[in-house]
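Keeping the supplied structure of chain A fixed, place chain B with the ligands upon it in accordance with the hints.
For the record, the sequence lines run as chains A and B. The numbering used here puts the first residue of the first sequence at 1, with every later residue one more than the last. The numbering used here puts the first residue of the second sequence at 462, with every later residue one more than the last.
Where hints are given, some of them may not hold.
[Stated by the list, open to error] Cut-off 27 angstroms, straight-line C-alpha distance, at most; resulting in silico cross-link-like pairs (DSSO-like, lysine-lysine):
| # | chain 1 | residue 1 | chain 2 | residue 2 |
| --- | --- | --- | --- | --- |
| 1 | A | K18 | A | K174 |
| 2 | B | K728 | A | K25 |
| 3 | A | K31 | B | K764 |
| 4 | B | K611 | B | K706 |
| 5 | A | K25 | B | K737 |
| 6 | A | K21 | B | K728 |
| 7 | B | K771 | A | K18 |
| 8 | B | K706 | B | K585 |
| 9 | B | K706 | A | K25 |
| 10 | A | K24 | B | K737 |
| 11 | B | K764 | A | K174 |
| 12 | B | K728 | A | K24 |
| 13 | A | K21 | B | K585 |
| 14 | B | K611 | B | K585 |
| 15 | A | K456 | A | K123 |
| 16 | B | K732 | B | K611 |
| 17 | B | K706 | A | K31 |
| 18 | A | K21 | B | K737 |
| 19 | A | K186 | A | K174 |
| 20 | A | K31 | A | K123 |
| 21 | A | K21 | B | K801 |
| 22 | B | K759 | B | K771 |
| 23 | B | K681 | B | K706 |
| 24 | B | K502 | B | K771 |
| 25 | B | K611 | A | K31 |
| 26 | B | K737 | B | K706 |
| 27 | B | K642 | B | K737 |
Don't read these hints as lab results, they were simulated from the structure. Predicted model, so just to flag it, every value in this text is computed and none were measured.
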Amino acid sequence: MPIEVLMPALSPTMTEGKLAKWHKKVGDAVKAGDVLAEIETDKATMEVEAVDEGTVGTILVEEGTDAVPVNQPIMLILEEGEEAGDAKPAAAAPAPPAQVEPEPAPAKAEPARAARAEPAPRKEAPAAEPEYTGETHSITVREALRDAMSEEMRRDETVLLLGEEVGEYQGAYKVSQGMLQEFGAKRVIDTPITEQGFAGLGVGAGFMGLKPIVEFMTFNFAMQAIDQIINSAAKTLYMSGGQMGCSIVFRGPNGAASRVAAQHSQCYASWYAHCPGLKVVSPWSAADAKGLLKAAIRDPNPIIFLEHELLYGQSFDVPTDPDFIVPIGKAKVVRAGSHVTITAFSRMVGLALDAAAKLAEEGIEAEVIDLRTLRPLDTETVVASVRRTNRLVSVEEGWPYAGIGSELSAVMMEQCFDDLDAPVVRVTGADVPLPYAANLEKLALPQVDHIVEAAKAVCYR
Amino acid sequence: MAVAKRQASAPKRTAKTARLDPDVLVQMYRDMLLIRRFEEKAGQMYGMGLIGGFCHLYIGQEAVVVGMQSAITPDDAVVTSYRDHGHMLACGMDPRGVMAELTGRRGGYSRGKGGSMHMFSREKNFYGGHGIVGAQVPLGTGIGFALKYKGTDNACLTYLGDGAVNQGQVYESFNMSALWKLPVIYIIENNRYAMGTSVQRSSASPDLFERGAPYGIPGKQVDGMDVVAVKAAGDEAIAHVRAGKGPYILEMMTYRYRGHSMSDPAKYRTKEEVNKMRSEHDPIDRMRTALLDNGWAKEEALKAIDREVKDIVTAAAEFAQESPEPDPSELFTDILVEAKAA
Ligand SMILES: Cc1ncc(C[n+]2csc(CCOP(=O)(O)OP(=O)(O)O)c2C)c(N)n1
Ligand SMILES: [Mg+2]
Numbered sequence: 001m002p003i004e005v006l007m008p009a010l011s012p013t014m015t016e017g018k019l020a021k022w023h024k025k026v027g028d029a030v031k032a033g034d035v036l037a038e039i040e041t042d043k044a045t046m047e048v049e050a051v052d053e054g055t056v057g058t059i060l061v062e063e064g065t066d067a068v069p070v071n072q073p074i075m076l077i078l079e080e081g082e083e084a085g086d087a088k089p090a091a092a093a094p095a096p097p098a099q100v101e102p103e104p105a106p107a108k109a110e111p112a113r114a115a116r117a118e119p120a121p122r123k124e125a126p127a128a129e130p131e132y133t134g135e136t137h138s139i140t141v142r143e144a145l146r147d148a149m150s151e152e153m154r155r156d157e158t159v160l161l162l163g164e165e166v167g168e169y170q171g172a173y174k175v176s177q178g179m180l181q182e183f184g185a186k187r188v189i190d191t192p193i194t195e196q197g198f199a200g201l202g203v204g205a206g207f208m209g210l211k212p213i214v215e216f217m218t219f220n221f222a223m224q225a226i227d228q229i230i231n232s233a234a235k236t237l238y239m240s241g242g243q244m245g246c247s248i249v250f251r252g253p254n255g256a257a258s259r260v261a262a263q264h265s266q267c268y269a270s271w272y273a274h275c276p277g278l279k280v281v282s283p284w285s286a287a288d289a290k291g292l293l294k295a296a297i298r299d300p301n302p303i304i305f306l307e308h309e310l311l312y313g314q315s316f317d318v319p320t321d322p323d324f325i326v327p328i329g330k331a332k333v334v335r336a337g338s339h340v341t342i343t344a345f346s347r348m349v350g351l352a353l354d355a356a357a358k359l360a361e362e363g364i365e366a367e368v369i370d371l372r373t374l375r376p377l378d379t380e381t382v383v384a385s386v387r388r389t390n391r392l393v394s395v396e397e398g399w400p401y402a403g404i405g406s407e408l409s410a411v412m413m414e415q416c417f418d419d420l421d422a423p424v425v426r427v428t429g430a431d432v433p434l435p436y437a438a439n440l441e442k443l444a445l446p447q448v449d450h451i452v453e454a455a456k457a458v459c460y461r
Numbered sequence: 462m463a464v465a466k467r468q469a470s471a472p473k474r475t476a477k478t479a480r481l482d483p484d485v486l487v488q489m490y491r492d493m494l495l496i497r498r499f500e501e502k503a504g505q506m507y508g509m510g511l512i513g514g515f516c517h518l519y520i521g522q523e524a525v526v527v528g529m530q531s532a533i534t535p536d537d538a539v540v541t542s543y544r545d546h547g548h549m550l551a552c553g554m555d556p557r558g559v560m561a562e563l564t565g566r567r568g569g570y571s572r573g574k575g576g577s578m579h580m581f582s583r584e585k586n587f588y589g590g591h592g593i594v595g596a597q598v599p600l601g602t603g604i605g606f607a608l609k610y611k612g613t614d615n616a617c618l619t620y621l622g623d624g625a626v627n628q629g630q631v632y633e634s635f636n637m638s639a640l641w642k643l644p645v646i647y648i649i650e651n652n653r654y655a656m657g658t659s660v661q662r663s664s665a666s667p668d669l670f671e672r673g674a675p676y677g678i679p680g681k682q683v684d685g686m687d688v689v690a691v692k693a694a695g696d697e698a699i700a701h702v703r704a705g706k707g708p709y710i711l712e713m714m715t716y717r718y719r720g721h722s723m724s725d726p727a728k729y730r731t732k733e734e735v736n737k738m739r740s741e742h743d744p745i746d747r748m749r750t751a752l753l754d755n756g757w758a759k760e761e762a763l764k765a766i767d768r769e770v771k772d773i774v775t776a777a778a779e780f781a782q783e784s785p786e787p788d789p790s791e792l793f794t795d796i797l798v799e800a801k802a803a
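So that you can see chain A by itself, here it is in the shape it has in the complex (with noise of 0.2 angstroms):
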């Protein structure tokens, strides 16, 4: 039996590539270890090597094909005594194992009975920004990213970026791409893996009056530096009586990517929403991700900005003009709708509207809100919805315990008791460390038909 060599899958998150060279022909000798291909993925250019000896039979897809699906046979390799009569393509490769259905088993509330708590002060949220008429082009959020960076670097000199693998490899997942090559390593600065450090170090230089952007890895990471992103970024300004504060950014993917298990698969949104002296965005679309980076940056105060690397390859229409800001702490009304209300921020809002989709055919009308900040809380726009609904599904793709969702919850108790129809439901990541297993994985996190139920539950259908 010839040997098939399948479409590889060259990262966590890679479904099809294209064939962009062969390095082998028909009738070639391969051995283990010899580059067959190139392929191009999302993140990156490949080589592929051979695992296997022989001789090459059949090349199954030409060079400079696209989108060639994980898994197609690309080649057939003859062994020792095989012609090249017996080179076809067998039976497709094993399927990856079916993934168990998910049981759709939203969270019911219960009436809340604890004790209410003094609201903080809550300061009016901003305007939105005025509505972009101009140009726009499709970029994806990967690019959106790096241009609101490059943007406000030849702005302001004091902007600088540094983080693990930033420069010279173009950032982990490609998000500064071409940074070093146009600010130079003075300002696009790779760092030893030493979060706390390198963390801190950028606390001392906020401090003196630089801005810089630290890149986390993931903010899987920034656990490590957690200390310095709290007990010094975001107290110091309060400690020092306002004489002492850092314009900081702390950036990097939050969140589950695919496969990657327990320590490299959390969202921090509650964490850091949690802590005064800090603001904390997580935006979903790539106009969104533009707009609100450069807010950040600009920002006098420690912001911690949620990536999701699941997003990074989406593309979005994203104005072009360099002065398109977004305010911070101002939600969006992604979707409008007059049934119930469901929140949503960062991957979730794709799920969310994916939802509200499949919930109109069914008669219902859900308006989307993309939160966009977490802190400060855009309780506004929340608010003014729900009246108008007099439901609320919170979805966010962290843990349910004290969550965003459970904050929503309470200002819904004190905000709209009498507007509610409904017990407010929320959609979470089930209470577990992420699973790496594919089937478990799914369970854990949730899904478009979890928010679907959510909603029919919370409209009694």
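Leaving out everything else, chain B with the ligands in the frame of chain A:
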């Protein structure tokens, strides 16, 4: 560049090799080959979508873990980072259970819940499998603390990378283990890169074996591509530790042939550099040549080992695909231990 110069050159019969029993050498050859073939298979299965997430292969570094393991006893403990498949096989963990964890199945060491980076075996004294760079170093120090506390003369082998060596908690650990004379061998696997950052670009002082000097911890640099040299250094370090003299640092000069993980195109180094290491320093080729040239093993015997190893890996791959996914009820197990009624 100083570091490269210290890499040992072509394979040659050393006095140390001669002192070792040929059976031990053959066993080390087999153990290294098992890791190599296992990792090649894992890489292939990742490409087929059977393994997901991050998968960090150990290909090229096999001599380090096999040499160190041959210097200790099964009662000594081992802890490492996410690049852990080789360490587990060297500890004697079942390749089927390791592979099934890679595929996220019930038969895996963490019953599918940990994946490539997070496996453990109490039975084999393997304490993980940790995903946060540097975090295993205080853990290994604590394991050493407990081994001493309990009055054993066992040690904990604590592996870390050349990138991890710059984390602050490493120095907090060095200080405590030296202060309290803990039985810990810190093994720095210097494969020259932390993802895309070379040691020269991350470390003000590239002599990593000297990093314990301020705490009085002896350190030694070793050719980590030579399993016999690794074993000799391991023997020396373990004798020091067992004698109650406190921790020891071994810097293993080694090399990973593959990218950092499966999604790394490895643009930060040249092809020539990789090919040179592979063709001139490969620990398995070197051992095979030494065994044959010195008449310590016959070609036929080595071929039989190749076949045996291939069969083990094939069986592991089959098991890892046949083992079912975890039961959905597993989602909510193992979060806390049920407290026993008082
Ligand atoms: C605290 C932390 N920061 C960053 C990462 C991302 N990361 C994973 S491995 C790695 C490189 C580590 O290199 P090294 O210590 O040399 O070990 P090697 O991978 O070479 O075995 C990085 C930056 C992480 N897992 N944990
Ligand atoms: Mg390294």
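Self-check item: Structure versus earlier hints - violations, ascending order
Solution: As far as the earlier hints go, 7, 9, 11, 13, 15, 16, 17, 20, 21, 25, 26, 27 are violated by this structure, in ascending order.
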